[in-house]
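Asks: Given next are the chains, with one letter for each unit.
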Amino acid sequence: MKRTLLALLLSVLLPAAVSAKLNVVATIPDFGSIAEEVGGEQVKVTALCRGTEDPHFVDARPTFIRVLNQADVLIESGAELEIGWLPPLVNAARNRRIIADAPGHVVLARSVRLLEVPAGPVDRSMGDVHPAGNPHFWLDPLNGKIIARELAAAFSRVDPPNAAVYQANLEKFNERIDKKLADWTKFLEPYRGTKVVTYHKSFEYFADRFGLVISGQVEPKPGIEPSPSYIAALIPRLKSEGVKLVIIEPFRSQKTPDYVAKAIGAKLLVLPEAVGGHDQAKNYFSLFDYDIAQIAAALKEAR
Amino acid sequence: MKLWIFLTVFCAGTTVLPAQENETEQLKRQLQEMRENFEKTQREQREQIDTLTRKLDEVMKQQAAQAQRPSETRPAAEAQAAPASTGMVAGAWSPADPIRIGRSGTYMDVGLVGTFAAGMSTASDIEEGTQLGGHDPNQRGFTVQGVEANFTGAVDPYFRANANILFSVDSGGESFMELEEGWLETVSLPGNFQVRAGQILTDFGRINSQHPHSWAFVDSPLVNARFLGPDGLRNPGVRVSWLAPTPFFTELSFGVQNSQGETAAGFRSAGHSHGGEEEEEGLPFGFRHPDNDRGVKHFDDLLFSPRLATSFDLTDNQVLLLGASAAFGPNASGASGDTHTEIYGADLTWKWKSPRHHGGFPFVTWQTEAMLRRYELGMFDWDEDGNGGDGDGDGFVDEGVLVNTGTGLPAVLAGETLTDWGFYSQLLYGFHKGWVAGVRFDYVTGDRGNYENLPLIIADGAGGGAAAGRDPLRAERWRISPNLTWYPTEFSKLRLQYNYDHRRDLGEDHSIWLQFEFVLGAHAAHQF
Numbered sequence: 017m018k019r020t021l022l023a024l025l026l027s028v029l030l031p032a033a034v035s036a037k038l039n040v041v042a043t044i045p046d047f048g049s050i051a052e053e054v055g056g057e058q059v060k061v062t063a064l065c066r067g068t069e070d071p072h073f074v075d076a077r078p079t080f081i082r083v084l085n086q087a088d089v090l091i092e093s094g095a096e097l098e099i100g101w102l103p104p105l106v107n108a109a110r111n112r113r114i115i116a117d118a119p120g121h122v123v124l125a126r127s128v129r130l131l132e133v134p135a136g137p138v139d140r141s142m143g144d145v146h147p148a149g150n151p152h153f154w155l156d157p158l159n160g161k162i163i164a165r166e167l168a169a170a171f172s173r174v175d176p177p178n179a180a181v182y183q184a185n186l187e188k189f190n191e192r193i194d195k196k197l198a199d200w201t202k203f204l205e206p207y208r209g210t211k212v213v214t215y216h217k218s219f220e221y222f223a224d225r226f227g228l229v230i231s232g233q234v235e236p237k238p239g240i241e242p243s244p245s246y247i248a249a250l251i252p253r254l255k256s257e258g259v260k261l262v263i264i265e266p267f268r269s270q271k272t273p274d275y276v277a278k279a280i281g282a283k284l285l286v287l288p289e290a291v292g293g294h295d296q297a298k299n300y301f302s303l304f305d306y307d308i309a310q311i312a313a314a315l316k317e318a319r
Numbered sequence: 182m183k184l185w186i187f188l189t190v191f192c193a194g195t196t197v198l199p200a201q202e203n204e205t206e207q208l209k210r211q212l213q214e215m216r217e218n219f220e221k222t223q224r225e226q227r228e229q230i231d232t233l234t235r236k237l238d239e240v241m242k243q244q245a246a247q248a249q250r251p252s253e254t255r256p257a258a259e260a261q262a263a264p265a266s267t268g269m270v271a272g273a274w275s276p277a278d279p280i281r282i283g284r285s286g287t288y289m290d291v292g293l294v295g296t297f298a299a300g301m302s303t304a305s306d307i308e309e310g311t312q313l314g315g316h317d318p319n320q321r322g323f324t325v326q327g328v329e330a331n332f333t334g335a336v337d338p339y340f341r342a343n344a345n346i347l348f349s350v351d352s353g354g355e356s357f358m359e360l361e362e363g364w365l366e367t368v369s370l371p372g373n374f375q376v377r378a379g380q381i382l383t384d385f386g387r388i389n390s391q392h393p394h395s396w397a398f399v400d401s402p403l404v405n406a407r408f409l410g411p412d413g414l415r416n417p418g419v420r421v422s423w424l425a426p427t428p429f430f431t432e433l434s435f436g437v438q439n440s441q442g443e444t445a446a447g448f449r450s451a452g453h454s455h456g457g458e459e460e461e462e463g464l465p466f467g468f469r470h471p472d473n474d475r476g477v478k479h480f481d482d483l484l485f486s487p488r489l490a491t492s493f494d495l496t497d498n499q500v501l502l503l504g505a506s507a508a509f510g511p512n513a514s515g516a517s518g519d520t521h522t523e524i525y526g527a528d529l530t531w532k533w534k535s536p537r538h539h540g541g542f543p544f545v546t547w548q549t550e551a552m553l554r555r556y557e558l559g560m561f562d563w564d565e566d567g568n569g570g571d572g573d574g575d576g577f578v579d580e581g582v583l584v585n586t587g588t589g590l591p592a593v594l595a596g597e598t599l600t601d602w603g604f605y606s607q608l609l610y611g612f613h614k615g616w617v618a619g620v621r622f623d624y625v626t627g628d629r630g631n632y633e634n635l636p637l638i639i640a641d642g643a644g645g646g647a648a649a650g651r652d653p654l655r656a657e658r659w660r661i662s663p664n665l666t667w668y669p670t671e672f673s674k675l676r677l678q679y680n681y682d683h684r685r686d687l688g689e690d691h692s693i694w695l696q697f698e699f700v701l702g703a704h705a706a707h708q709f
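Note that the protein sequences, when read in sequence, are chains A and B.
Its first residue numbered 17, the first sequence is counted upward by one per residue in the numbering used here.
Its first residue numbered 182, the second sequence is counted upward by one per residue in the numbering used here.
Derived from the structure by calculation, the hints contain no laboratory data.
If you're wondering where the values come from, they're calculated on a predicted model, not measured in any experiment.
In this text, a Cβ means the ideal position worked out from N, Cα and C, and glycines have one as well.
Be aware that one or more of the hints could be misleading.
Unchecked claim - No more than 20 Å apart at the CA atoms, straight line, and that leaves these computed lysine to aspartate or glutamate pairs for EDC-like:
#1 A:LYS217 to A:GLU235
#2 B:LYS532 to A:ASP75
#3 A:LYS237 to B:ASP497
#4 A:LYS255 to A:ASP194
#5 B:LYS614 to A:GLU241
#6 A:LYS211 to A:ASP175
#7 A:LYS37 to A:ASP175
#8 A:LYS298 to B:ASP497
#9 B:LYS614 to A:ASP175
#10 B:LYS614 to B:GLU523
#11 A:LYS211 to A:ASP194
#12 A:LYS298 to A:ASP175
#13 B:LYS614 to A:GLU235
#14 A:LYS278 to A:ASP224
#15 B:LYS674 to A:GLU317
#16 A:LYS60 to A:GLU241
#17 A:LYS217 to A:ASP139
#18 A:LYS237 to A:ASP305
#19 A:LYS202 to A:ASP224
#20 A:LYS217 to B:ASP497
#21 A:LYS37 to A:ASP75
#22 A:LYS271 to A:GLU241
#23 B:LYS674 to A:ASP139
#24 A:LYS211 to A:GLU317
#25 A:LYS217 to A:ASP175
#26 A:LYS283 to A:GLU257
#27 B:LYS614 to A:ASP75
#28 A:LYS188 to A:GLU205
#29 A:LYS316 to A:GLU241
#30 A:LYS202 to A:ASP175
To be verified - Heads up, incomplete: computed chain A residues facing chain B, CB under 7 Å, no partners named:
#31 ALA76
#32 ARG77
#33 PRO103
#34 GLN270
#35 THR272
#36 ASP274
#37 TYR275
#38 ALA279
#39 PHE301
#40 TYR306
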């Protein structure tokens, strides 16, 4: 009996002690995917949010507490993207490696120049406006390079012996992004200036990078559901602007966006905004591959 | 005279001339200094201009290089990257942690939650009758369920702190204030430990440690209000918790708190005392010996509350949380002062959330808590002063004294252990963003005590009295409560709830409540 207990105890305690891999926890799967690129064989990555989920409203599952308890590095977006669920988990995780300002705590929004930083005072009558700026920044591949740079720096801080490996991986990642970005840009070049509508301000960085023009959102204010009268007023405006695409994330209800798309003669496109949001969007690169192919196909059809 | 003037002027002149020479030199020196300064400044400025020109050239070269790339709609993100050290945009106001008090860097978040209800009920005893919770709707018409201020933040690198202060208005229109919670908590103790100390809600089950605003129903479950008290079980004390190194979530916690006061109902709660100032009618916990006011004399005068919680993901979309709780402490009954209460609880929470949820919807949650209470009722002689209960000497037993009609004398109640149990089970279905339909079933009962079998009356002071009968605080009752909640955003809600109450001996009642709530300022994320 004693021996069984000891074996059980060891099986529980040992994996953490034996594993030399850096235990990396990412909130958004895209950060996880980039962490895998930069960390390579040296890291074990867990993403809390799944690509199909609304990243603002992830459940604070108790199992995440234990995951965070074992983390060497925590990667979060910041800019209040995870404010509705992450803080109590980190508080409960009792892990000094990932508490605020610990070397293993990476807040990416601090390193990225955010779009749509409100110029004036913000209050909640404006909906769920993020005062630090729009946090959906990972949908710009050049921000992906900044993310990779920050992760390489964090991994090197926490695991200095492998710093050279992380640096080499970072350079490889950057090269790959540069090459891919050129392809992606070329692929979407014919559609530069195309007007699109999104549900939420999730694709601002993507549109900005690839030359799409966002004419508006289906929701009247961030996080606020559209009313029939808002939709009725939105439709003629979008129609007159010649909007070609209505883009929504996989987790949105298609009913209202579909209605809007039909009314303005545009195509409804369900695009993952995160890795794992579609079967083919398996990692950070294939996410762009998939999204860009979808947009190009839809616009080709619309012509 | 003229000579004198001349001499004077000459003398003055001779004294002035050296002074003039001095001044000339001074001016020359100043001029020299200024020239040097001017040249120095010019040199510096030239240097600055050179540097800036160089920088400008570099930037322009970079931009030219980028312009050749077809993708650019704005400068390369690398060039835009803000240095990590600058952090968030300084001075930006944040709705989620909006009011920062103190210098930048040391701050606390301030929030305010206002909860109100309006409604009607067929019950004649809403407050402490059909509605047992301290923050439940307590009258027909409008109720202020509470306006709760929350202060939270990091104290220093070692502690974080939190305080919840509730302002409210009772059914009589009197304003009152309660310290719901006020504690500090360790940030990073070794060994997966965490310590919380101060005024704390006892970590018992699910509902007790949550603030009413995060409840899914207008009112407190009956089992919570009856066993853990109208305001929940909370008292000054300490809670030590430990996260076990298991593959799934397992947390073990142990609380030590004072066992006296009105927020330790079922233990040495205030009120319902006999022979003291707060004399009230009520069974069975009204037999309160003065020794029960002893405060904390011994170690076992404290309230101990262990809890074990474990949780795992059943599938990618289903989470199960199981908990076992207990609370042990002395109670206020009887004359001996050494009677105890034990409360045991088990809870289950299951949640399914769509893998493609939009704003957190749709979801289904099932939450159930069951409790068992064993209450040692101490022996008590209602003829406390040995005068046959006739303190005023009018020949009749005084008003409010419990009389055994078999003997015609104040009752002598033997010690016994009373067992009560109950549960609630609630199902919530978030069917559309912002919309939740729920239903809750409540059941509580108690084994009939010996004192409930005696022919007791509560004396009216004139030789008669009302039959005590079955104890209304322990008798069987159940309630079913369907409701519908609309959350326009996470910061406001409107909730309509119907309660069908059935109380043994008292019959059935119907109530309908409309709850409305606002959240201002900081609002901490909800725990699972």
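Asks: Against the structure shown, which of the earlier numbered hints fail to hold, in ascending order?
Replies: Violated hints (numbers, rising): 3, 4, 6, 9, 10, 11, 12, 14, 15, 16, 18, 20, 21, 25, 28, 29, 30, 34, 35, 36, 37, 38, 39, 40; every other hint is consistent with the structure.
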